[in-house]
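What follows is each chain in one-letter form.
There are 2 protein chains.
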Amino acid sequence: MNISDSAPKIFSYQFIVEPFHVDFTGHVNLSHICDYMLYAAESHAEILGCGLEELLTHNLSWFLTRAVIEIDKYPKAYEKGKVETWVEQTNRLFSIRNIDFFDEDNKRFGGARLMWALVDLTTHTPADLSTLEGLSQYSFPERKSAVAKPAKVPDISAAASQATPQKLYDVAYSDIDINQHFNSVKYIEKIVDMFSLDDYRTSQIERLEINYAAEAKFGATLALRKEVTQNPECWAVSMRDNTSAETICRARVSWKKRND
Amino acid sequence: MNISDSAPKIFSYQFIVEPFHVDFTGHVNLSHICDYMLYAAESHAEILGCGLEELLTHNLSWFLTRAVIEIDKYPKAYEKGKVETWVEQTNRLFSIRNIDFFDEDNKRFGGARLMWALVDLTTHTPADLSTLEGLSQYSFPERKSAVAKPAKVPDISAAASQATPQKLYDVAYSDIDINQHFNSVKYIEKIVDMFSLDDYRTSQIERLEINYAAEAKFGATLALRKEVTQNPECWAVSMRDNTSAETICRARVSWKKRND
Numbered sequence: 141m142n143i144s145d146s147a148p149k150i151f152s153y154q155f156i157v158e159p160f161h162v163d164f165t166g167h168v169n170l171s172h173i174c175d176y177m178l179y180a181a182e183s184h185a186e187i188l189g190c191g192l193e194e195l196l197t198h199n200l201s202w203f204l205t206r207a208v209i210e211i212d213k214y215p216k217a218y219e220k221g222k223v224e225t226w227v228e229q230t231n232r233l234f235s236i237r238n239i240d241f242f243d244e245d246n247k248r249f250g251g252a253r254l255m256w257a258l259v260d261l262t263t264h265t266p267a268d269l270s271t272l273e274g275l276s277q278y279s280f281p282e283r284k285s286a287v288a289k290p291a292k293v294p295d296i297s298a299a300a301s302q303a304t305p306q307k308l309y310d311v312a313y314s315d316i317d318i319n320q321h322f323n324s325v326k327y328i329e330k331i332v333d334m335f336s337l338d339d340y341r342t343s344q345i346e347r348l349e350i351n352y353a354a355e356a357k358f359g360a361t362l363a364l365r366k367e368v369t370q371n372p373e374c375w376a377v378s379m380r381d382n383t384s385a386e387t388i389c390r391a392r393v394s395w396k397k398r399n400d
Numbered sequence: 141m142n143i144s145d146s147a148p149k150i151f152s153y154q155f156i157v158e159p160f161h162v163d164f165t166g167h168v169n170l171s172h173i174c175d176y177m178l179y180a181a182e183s184h185a186e187i188l189g190c191g192l193e194e195l196l197t198h199n200l201s202w203f204l205t206r207a208v209i210e211i212d213k214y215p216k217a218y219e220k221g222k223v224e225t226w227v228e229q230t231n232r233l234f235s236i237r238n239i240d241f242f243d244e245d246n247k248r249f250g251g252a253r254l255m256w257a258l259v260d261l262t263t264h265t266p267a268d269l270s271t272l273e274g275l276s277q278y279s280f281p282e283r284k285s286a287v288a289k290p291a292k293v294p295d296i297s298a299a300a301s302q303a304t305p306q307k308l309y310d311v312a313y314s315d316i317d318i319n320q321h322f323n324s325v326k327y328i329e330k331i332v333d334m335f336s337l338d339d340y341r342t343s344q345i346e347r348l349e350i351n352y353a354a355e356a357k358f359g360a361t362l363a364l365r366k367e368v369t370q371n372p373e374c375w376a377v378s379m380r381d382n383t384s385a386e387t388i389c390r391a392r393v394s395w396k397k398r399n400d
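Listed in order, the protein sequences are those of chains Z and G.
According to my numbering, the first sequence is numbered sequentially starting from 141.
According to my numbering, the second sequence is numbered sequentially starting from 141.
Please note: incorrect hints may appear among the correct ones.
Identical chains blur together in the list; that is why a pair holds if it fits in one copy or across any two.
BS3-like mimics (lysine-lysine), calculated; alpha carbons at most 27 angstroms apart, straight line [as the list claims (entries may be wrong)]:
(1) 397 to 216
(2) 307 to 396
(3) 396 to 247
(4) 397 to 289
By construction, these hints were calculated from the structure, which means they are not laboratory data.
If we strip away everything but chain Z, and leave its shape as in the complex, we get (with noise of 0.2 angstroms):
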């Protein structure tokens, strides 16, 4: 499979918050913010030559292993801005993607950074990323992130994973996506969804920190629990199958109080 050489390095996407898009205070869900961040990194990958669609003919696709957000300012309705994406860099397991995102007045808000895996859906073990010929060259360290490299989120204490889920949740038709996986964006979903209006009436996500470890299957129901760590603003989450209690995912999520 080859990568195309004429691609540009950085990629751009411009977004405008659907009014839709946004939750009570105005502001655009977290959810969305992905989903925009996703979109570029598919569409970016689709010019290098390595979109879904193409990685599908060979019964190869993306698999999100890791990300992390950071979001400073949460846009509102009908507001415009920008995603920029480039790969960092890439080996034999891993591509780690940086995004920036930038208001309309050209101001950075947050910034992500993404870590891929590629999958062999015959076997459903991980491919050799060197097998994308010419995807190394669109590496670009020079361009640094202010966002931390995605790490190992721990898990919830052994206690809270006893402890009777806070939710549960049946993986419907809309969550399965056109890989026939649990989507990225629904696994955030699923997670900002852990905590109440009251929490996002003052206070807003500063930073979601997510390790993908399974896929959640149609018709599985998931246990979601939540605990607060050491820091009282931070929050850990486990998503994890309810009849095998495999993990399907763990996160950590950080508050600070609205800045607007």
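Please build the complex by placing chain G on the supplied structure of chain Z, with the hints as guidance.
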């Protein structure tokens, strides 16, 4: 409140099907088609001078009471299309807005008819639409819709109403819109999620009719039940508050074999 006297009678909105908005068959999820449609309706209302933001300053809001959506062929990822929308008629109680959907080749692939009421947010009662002075001049009954007028959707049978719900859903943060209401599209997402991947594998929703009855409150548990009608390809769906048994919405979902 004065309505603009220079806005177009027909408003057009272009969409592109994002790869994250398609289902496992590669076709856009109906709830995202509804998103395009409501965005077009809201954008037209904004140009007319009676968009959500303007209404909120008068403590008023639009409330979707009934909708019928008919889709003949679902676009796939990356396909473009447009929504055309116009107001068919307005009286003191309701405004009927029509929608036509067109694909990239300008071929109509579906349509919708939406019945809106105006709600006074202070008293939570219907407001008189004639307060939107000048709105009636935008009625355009000359352009006919191929979709039947939104009618009353009958409830499921008493026996089916008593049965154990097929689904329970807890209303979460992401479901609550800027109006502090359950987002109109989320009702539709929960309805399409009443069906399994097997249902969608060979068939598609041809027609969805919905009567919005009451607001789903944050934290409430919704009980969803479905029942096949006399027509084996048509299902009645009921969404109730699981505690009070109050009807939140009723829907009728008609299916046909996939044509691509």
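Right, here's what the structure says about each hint:
{"no.": "1", "hint": "397 to 216", "result": "within (17 angstroms within a copy, 41 angstroms between copies)"}
{"no.": "2", "hint": "307 to 396", "result": "within (24 angstroms within a copy, 35 angstroms between copies)"}
{"no.": "3", "hint": "396 to 247", "result": "within (20 angstroms within a copy, 49 angstroms between copies)"}
{"no.": "4", "hint": "397 to 289", "result": "within (24 angstroms within a copy, 47 angstroms between copies)"}
Figure legend: structure checked against the earlier numbered hints; every hint is met.
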